[in-house]
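Q: Sequence:
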Amino acid sequence: MASTGSDKGAPVATAMMMIRRPVADVFAAFVDPAITTKFWFSRGSARLQPGGTAQWFWDTYGVSATVNVLDFEPGARLRIEWGDPGAMTFVEWTFTALSPDRTYVRVVESGFRGDDKAVVARALDSTGGFNLLLAGAKAWLEHGIALALVPDHVPEDARHLI
619 MASTGSDKGA
629 PVATAMMMIR
639 RPVADVFAAF
649 VDPAITTKFW
659 FSRGSARLQP
669 GGTAQWFWDT
679 YGVSATVNVL
689 DFEPGARLRI
699 EWGDPGAMTF
709 VEWTFTALSP
719 DRTYVRVVES
729 GFRGDDKAVV
739 ARALDSTGGF
749 NLLLAGAKAW
759 LEHGIALALV
769 PDHVPEDARH
779 LI
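Numbering (this note's numbering), first residue to last: 619 to 780.
Check each hint, because a few of them may be wrong.
Within a straight-line C-alpha distance of at most 25 Å, the following computed SDA-like cross-link-like pairs (lysine to any residue) qualify [said to hold, decoys possible]:
1) 756 <-> 731
2) 756 <-> 734
3) 656 <-> 627
4) 756 <-> 661
5) 756 <-> 634
6) 656 <-> 765
What the hints contain is simulated information worked out from the structure, not anything from laboratory work.
None of these values were measured; they are calculated from a predicted model.
Using the sequences and the hints, build the whole thing.
A: Here is the structure:
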């Protein structure tokens with residue numbers, strides 16, 4: 619759900635999920651495009667690394683994002699900046715080992731800009747998107763099933779319905 623963060627009441631997008639895999643495996647799934655493409659974007663230009671930059675593509679929708687890695691703590695935390703110039707937001711993943719084979723992932727996106735209505739709409743949209751991301755990651759990492767949640771969310775022949 620979208621919630622109010624400590625940043626002066628600004629809306630943030632938050633999603634969380636427990637994934638039954640070791641924390642190192644779950645972290646790797648979010649930094650290695652060979653794995654991430656199984657449950658989120660169509661393709662990525664490079665593996666995320668400290669201080670690095672990558673391009674992520676969602677070919678179904680004809681969009682891409684430049685990703686700048688701000689913080690990179692293997693098995694613990696990943697923080698990026700992404701979006702359109704002048705409207706960049708921050709996304710932080712935290713990875714907590716609940717046991718050797720269970721990882722709790724929390725995603726928070728912040729820094730939305732615009733009028734109140736636009737900021738709330740973006741935070742709600744991102745919340746839904748990150749929940750789909752985590753559900754897809756869980757299905758892939760636990761069961762090897764690619765659910766195609768992102769491309770099926772708004773397929774081309776249903777776009778007129780939104």
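Q: Would you list, in rising numerical order, the hints stated earlier that this structure does not obey?
A: Those not satisfied are hints 1, 2 and 3.
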